[in-house]
Amino acid sequence: MKKFKRASTLDMQKQLRLLPGHIVVGLWCLFTIGMLGWIVAASLSTSPEIMRGEALKFATGLHFENYVKAWSSNNISVFFLNSLLYASCTMVGSLAISAPAAYVLGRYVFFGNKLVRNGFITAMSLPQIMIVLPLFSLATSAELTGSKVVLIFIYIGMQVPYTTTFLISFFSNLSRVYEEAAAIDGCPPMKTFWKIMLPLAQPGIVTVGIFNFMNIWNEYFLSLIFASSERNMSVGPGLKSVLTAMQYTGDWGGLFAAVVIVFLPTLVLFLCLSRTIISGITAGGVKG
Amino acid sequence: MKTSKLLKVVCGVCAASMMLTACGGAASSTSSTTNSESTPATDSTSQTESTGKTLTYWSMWNSTEGQAKVIQEAADAYEAATGIKINIEWKGRDVKNLIAPALDAGEKIDIFDQDYVFISNTASKYAADVTDMVEEAGLEEHMLPVLVETAKSYNDGALKVIPYQPYTSGVWYNKAMFEDAGIEKVPETFTELLDVCAKLKESGVNPMACDQGDGTALLMGYQLARYLGQDGVLDLVNNAKWGEVEEVKKAAEDIHSLFANGYMSEYSPSNYPDGQNELGYGETAMVLQASWVPNEITQNTGAEIDWGFFPWPAVEGGVDGIEAGMVGAQGYAIVETSEYKQEAFDFIQTVVTGENDLKMAQAVSSIPADTANTEWPLAVSGAEPYFKEMTISYLWAVGLQENGNYKDYIQEAINQLCKQEIDATGFVDSLSGL
Amino acid sequence: MKGVFHLKKDKKMIVCFLTPAVLMFFIIFLYPVVRTIAMSFFRVEGVSDAVSTWEFIGIENYVTLLQTPIFLDSMKNMLKIWFFGGIVVILISLLFAAILTNGLYGKTFYKTVIYIPNIINAVAMATMWITAIFNKRFGFLHNFFDFFGSDLAKVDYMSGSAKFWSLLAAFCFGSVGYYMLIFMGGIERLPLDMYEAATIDGASKTKQFTRITLPLLRGVMKTCLTFWSIGVVGFFVWSQMWSAPLASELSTTTPFVYMYNITFGTQGNTFRNAAMGATVGVLMALTVLVVFFLINLLIKDDDVEV
Chain A
1 MKKFKRASTL DMQKQLRLLP GHIVVGLWCL FTIGMLGWIV AASLSTSPEI
51 MRGEALKFAT GLHFENYVKA WSSNNISVFF LNSLLYASCT MVGSLAISAP
101 AAYVLGRYVF FGNKLVRNGF ITAMSLPQIM IVLPLFSLAT SAELTGSKVV
151 LIFIYIGMQV PYTTTFLISF FSNLSRVYEE AAAIDGCPPM KTFWKIMLPL
201 AQPGIVTVGI FNFMNIWNEY FLSLIFASSE RNMSVGPGLK SVLTAMQYTG
251 DWGGLFAAVV IVFLPTLVLF LCLSRTIISG ITAGGVKG
Chain B
1001 MKTSKLLKVV CGVCAASMML TACGGAASST SSTTNSESTP ATDSTSQTES
1051 TGKTLTYWSM WNSTEGQAKV IQEAADAYEA ATGIKINIEW KGRDVKNLIA
1101 PALDAGEKID IFDQDYVFIS NTASKYAADV TDMVEEAGLE EHMLPVLVET
1151 AKSYNDGALK VIPYQPYTSG VWYNKAMFED AGIEKVPETF TELLDVCAKL
1201 KESGVNPMAC DQGDGTALLM GYQLARYLGQ DGVLDLVNNA KWGEVEEVKK
1251 AAEDIHSLFA NGYMSEYSPS NYPDGQNELG YGETAMVLQA SWVPNEITQN
1301 TGAEIDWGFF PWPAVEGGVD GIEAGMVGAQ GYAIVETSEY KQEAFDFIQT
1351 VVTGENDLKM AQAVSSIPAD TANTEWPLAV SGAEPYFKEM TISYLWAVGL
1401 QENGNYKDYI QEAINQLCKQ EIDATGFVDS LSGL
Chain C
2001 MKGVFHLKKD KKMIVCFLTP AVLMFFIIFL YPVVRTIAMS FFRVEGVSDA
2051 VSTWEFIGIE NYVTLLQTPI FLDSMKNMLK IWFFGGIVVI LISLLFAAIL
2101 TNGLYGKTFY KTVIYIPNII NAVAMATMWI TAIFNKRFGF LHNFFDFFGS
2151 DLAKVDYMSG SAKFWSLLAA FCFGSVGYYM LIFMGGIERL PLDMYEAATI
2201 DGASKTKQFT RITLPLLRGV MKTCLTFWSI GVVGFFVWSQ MWSAPLASEL
2251 STTTPFVYMY NITFGTQGNT FRNAAMGATV GVLMALTVLV VFFLINLLIK
2301 DDDVEV
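Residue numbers (this note's numbering), protein chains in the order written: chain A, 1 to 288; chain B, 1001 to 1434; chain C, 2001 to 2306.
The following block holds chain A by itself, in its conformation from the complex (with noise of 0.2 angstroms):
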């Protein structure tokens, strides 16, 4: 907060002096917009223009059915919706899971917490290869390779150690006075938590389901193996097909296209919200 003050006072000659910071993130932003920029030209233009770099020129008009075209007949449609599922579900299930786990983690002493805790946190730090093998054959094993059901209960599984040890610290900042108040009302504990305490940690949950949604929005090896079929496919691996099938037929504008669509609902989520989402990892990281 203090830094939020003194970053406001917009002072002309300290802002000049602090030129050469400028120009450096600057540079680097308007590269990122440039970029993002061309895509989102390139998606209206069509393959020969682009190809002969001219996808900024728009000779032929702004190329709109690009999208259309990505989004049923490139099936992205498809990819979007089952990637819309299962970052939803995983969102929804490892918090279900996670907040009150990581409420009695981080406001009871019980033997076993201390495990618990260093459990997940070595989870989190396991690369996914170690771990990915038996889960195959666990799946196929269940005869559910298939499914949605099988990578929506994976995904949830591998958000759980992240989201549990990032909301104990949320519960632990608590005050004890409200379960106290609680308690003296009449109020069973397993209650309490449902109707005081979770409201109370809405910040931290709120963001950490953010993260969540974004983490299996991006995700992409464990689609690639349990979700093969076009059906099932998230937007990584079933944008990596479209690029497959794009040199096959050359259609880079719908590749574009389907690369805006994909990007979309990430940055659209991220601009809304980044506030919470930078202090979540600015908070979070430090923490983690």
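Check before you lean on any hint, since a few could be wrong.
List time: in silico SDA-like cross-link candidates among lysine to any residue, alpha-carbon distance up to 25 angstroms [claimed, not checked]:
{"no.": "1", "chain 1": "B", "residue 1": "K1419", "chain 2": "C", "residue 2": "P2191"}
{"no.": "2", "chain 1": "B", "residue 1": "K1419", "chain 2": "C", "residue 2": "G2139"}
{"no.": "3", "chain 1": "B", "residue 1": "K1096", "chain 2": "A", "residue 2": "L144"}
{"no.": "4", "chain 1": "B", "residue 1": "K1250", "chain 2": "B", "residue 2": "T1337"}
{"no.": "5", "chain 1": "C", "residue 1": "K2300", "chain 2": "A", "residue 2": "K14"}
{"no.": "6", "chain 1": "C", "residue 1": "K2207", "chain 2": "A", "residue 2": "L144"}
{"no.": "7", "chain 1": "C", "residue 1": "K2136", "chain 2": "B", "residue 2": "K1069"}
{"no.": "8", "chain 1": "A", "residue 1": "K148", "chain 2": "C", "residue 2": "V2033"}
{"no.": "9", "chain 1": "B", "residue 1": "K1096", "chain 2": "A", "residue 2": "L19"}
{"no.": "10", "chain 1": "C", "residue 1": "K2076", "chain 2": "C", "residue 2": "Q2208"}
{"no.": "11", "chain 1": "B", "residue 1": "K1419", "chain 2": "C", "residue 2": "G2234"}
{"no.": "12", "chain 1": "A", "residue 1": "K148", "chain 2": "C", "residue 2": "G2234"}
{"no.": "13", "chain 1": "C", "residue 1": "K2076", "chain 2": "C", "residue 2": "F2209"}
{"no.": "14", "chain 1": "B", "residue 1": "K1419", "chain 2": "B", "residue 2": "H1256"}
{"no.": "15", "chain 1": "C", "residue 1": "K2107", "chain 2": "A", "residue 2": "L19"}
{"no.": "16", "chain 1": "A", "residue 1": "K14", "chain 2": "C", "residue 2": "L2192"}
{"no.": "17", "chain 1": "B", "residue 1": "K1069", "chain 2": "B", "residue 2": "A1303"}
{"no.": "18", "chain 1": "B", "residue 1": "K1152", "chain 2": "B", "residue 2": "L1194"}
{"no.": "19", "chain 1": "C", "residue 1": "K2222", "chain 2": "C", "residue 2": "A2098"}
With the C-beta cut set under 8 angstroms, the calculated list includes, among others, these residues of chain B facing chain A [stated by the list, open to error]:
{"no.": "20", "residue": "T1064"}
{"no.": "21", "residue": "N1087"}
{"no.": "22", "residue": "W1090"}
{"no.": "23", "residue": "N1238"}
{"no.": "24", "residue": "N1239"}
{"no.": "25", "residue": "E1296"}
The hints are simulated quantities; they were obtained by calculation from the structure and are not laboratory data. Using N, Cα and C, we set each Cβ at its ideal position, and we do this for glycine too.
Chain A is already provided as a structure; the job is to place chains B and C on it using the hints.
Just chains B and C now, kept in the frame of chain A:
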């Protein structure tokens, strides 16, 4: 307060997405039925009782590709005629990685497709022997002999694959550019090829282009095979004889000279598919690739080129000449554990022969699989006379990509040679050091 | 009444609340880890082969793997990504964090834009880089150097030895935002009075940064290095995107890619070897462990706990 609204929104999105996906599923199934309506054959037979049988087919195509559309139509027509549903899972090229673990795990799959050598060799333990069914249906006379021979050679004479979408390979060129440069005859020896290159360069176009990866592997592979033959190259690869065979250096020098003399476009070897697309932009005259390349270039660039073809030329003192070439095909496998082998076979037969085969060939300018379909699509028709005369068939990239332990090293050395980061001596050194 | 039953009820609650999470942990993490470790000591062809078909071979998988040149090269690539990429990403994000915490106007805008690459799907991001930036016909770098008439316009970033570095550059670019935010969080938590005292003593901004900020950021640095190491071990999509349409390429392959290829059999016509994949997994986990140990050994976390 703001956050609690957010939670509600998030839950709403979640619920909406579930509904949408449910709808999506329904929508896609209806779309496949609308497809079937468009096929003329359906109308009369659409009343056929469903037998309740469903075959599962893991396809190597993406549903947006031309091949997929033809296959989907064939499946719909088959269902309409027999009441047997073909459930097609569009897996894309990753099916190569996923098929074996899935079958090991007992997943119910009846049909899958892949490169026909992959099926005959690596995946042969999963593929049913179709020799008898092929014989009974008289399908063999519709198949290209060279493919059948190769496929059988892996399994002691048993046929485990039904090939379709055959391809050949060689140099595809722009006829107009050859005319402009005053070239009347296609080259038959490597020296003649260099002359042709020189003439093209004089006329102001890039003689050749190639892409890194398969493109460069084909160049080196062909040149090595012309000197040593298929068996000679496999001997090199499997027994690591790179340092002992002097033809390796000669072949490397030849390929290096193409780049060093400026006969390759300045961008070559490029990132796929930029190199082959140079033909589409009218910058370059020739590319060495398989017969799918004219279609890809047309699709990518919208160019309409009058395509010419000649096989990779012979070399002085070499084993093979233009009678040998890399040919191959995709192939269908019927899974050994399938309950419905005959039904699967009947379906496959409708895809690889007759009208559907012709449709497939026209859709993607590929070579017809059915030998009874004598008319080749215009873009690849230049290869037809050579294809018919071909007596020796090479593996893909002459087998340079066979050995998993060091195919990446061979590829890396070839790429460096083409980038002129190393010369022929460096090429031999880096490979004999393995 | 209430007081008497409080503890008992709590116990019930602890069990109820913790069980699902712990159960998930067992299924998704503990069981797979144990099985992967076990598998690496057997001969197993397919991932889903029944345990009864496994054949115990001791450490043979490890011995073979450590003699497989392609695996060693993939390790080398990973190490290069970790080392060079790590230096570049940490330095740039530290620099940006320093600039942005210096009272720059428009700080929120800058950090939002810099973070954007992190929230975009890696496949989409890689496609953008490969086409918009590195394509040598119409990419940004081509046009940029072409504008100045430089010969650099003809460099092909997507082939030969340049390929690895273009991959690294794109990957690092996307990572900067995340680490920058972590550093910024760290800097903003530092006690302000120290800086005020330093300013009164006449210490320059640069001096304040190197003398006060950096030493106090050791804990944050440790976090960043840890996250970076975990991220690099999971390097997969970018490598796949850069080697497309081939499954993998020597210059951009990583152990993760190698594991995928060997387990699912993309290596030409060589047979699949799931146990070898498990062995790669165990070795990667060990690598991460060693790195953690070294980081903890080298960087003493004695800064102010916030």
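Structure-based check of each hint:
1. With a C-alpha separation of about 56 angstroms, the suggested pairing of B/K1419 with C/P2191 is violated against the 25 angstroms cut-off.
2. Pair hint B/K1419 plus C/G2139 holds up; C-alpha atoms about 20 angstroms apart against a cutoff of 25 angstroms.
3. With a C-alpha separation of about 20 angstroms, the suggested pair B/K1096 and A/L144 falls inside the 25 angstroms cut-off, and the hint holds.
4. Note on B/K1250 and B/T1337: the hinted pairing is violated, with a Cα-Cα distance of about 49 angstroms set against a maximum of 25 angstroms.
5. Between C/K2300 and A/K14, the direct Cα distance comes to roughly 36 angstroms. Violation of the 25 angstroms bound is thereby established for this hinted pair.
6. For the proposed pair C/K2207 and A/L144, the alpha carbon gap of about 60 angstroms is over 25 angstroms, so the pair is violated.
7. Between C/K2136 and B/K1069, the direct Cα distance comes to roughly 33 angstroms. Violation of the 25 angstroms bound is thereby established for this hinted pair.
8. With a C-alpha separation of about 24 angstroms, the suggested pairing of A/K148 with C/V2033 holds against the 25 angstroms cut-off.
9. As the CA atoms of B/K1096 and A/L19 are separated by approximately 55 angstroms, the hinted pair breaks the 25 angstroms bound.
10. This hinted pair does not check out: C/K2076 and C/Q2208 have alpha carbons roughly 38 angstroms apart, beyond 25 angstroms.
11. For a cut-off of 25 angstroms, the pair hint linking B/K1419 to C/G2234 is broken: about 30 angstroms separates their Cα positions.
12. In summary, the hint linking A/K148 to C/G2234 is supported, as the alpha carbons are separated by about 23 angstroms, within the 25 angstroms threshold.
13. Restraint check for C/K2076 and C/F2209: not satisfied, since their Cα atoms lie roughly 34 angstroms apart, outside the 25 angstroms limit.
14. Of the pairs offered as hints, the one joining B/K1419 and B/H1256 holds, with about 9 angstroms between alpha carbons and a cut-off of 25 angstroms not exceeded.
15. Between C/K2107 and A/L19 the CA atoms are separated by roughly 13 angstroms; this keeps the pair inside 25 angstroms, and the hint holds.
16. Distance check on the hinted pair: A/K14 and C/L2192 sit about 19 angstroms apart at the alpha-carbon level, within 25 angstroms; holds.
17. Distance hint between B/K1069 and B/A1303 is fulfilled; the C-alpha atoms sit about 23 angstroms from each other, no more than 25 angstroms.
18. Restraint check: the Cα-Cα separation between B/K1152 and B/L1194 comes to about 38 angstroms, which exceeds 25 angstroms; the hinted pair is violated.
19. The straight-line distance between the Cα atoms of C/K2222 and C/A2098 is roughly 17 angstroms, inside the 25 angstroms bound, and the hint therefore holds.
20. Restraint check, B/T1064 versus chain A: the minimum CB separation of about 5 angstroms is within 8 angstroms; hint holds.
21. The beta carbon of B/N1087 is not positioned within 8 angstroms of any beta carbon in chain A (closest approach about 10 angstroms), and the interface hint is therefore violated.
22. Interface hint at B/W1090: satisfied, since its Cβ lies 4 angstroms from the closest Cβ of chain A, which is below the 8 angstroms cut-off.
23. For B/N1238, the shortest C-beta to C-beta distance to chain A is roughly 30 angstroms, which exceeds 8 angstroms, and the interface hint is violated.
24. Hint on B/N1239 is violated. Least Cβ distance to chain A is approximately 33 angstroms, over the 8 angstroms limit.
25. For B/E1296, the interface hint holds, since its Cβ comes within 8 angstroms of a Cβ in chain A; the closest pair sits about 6 angstroms apart.
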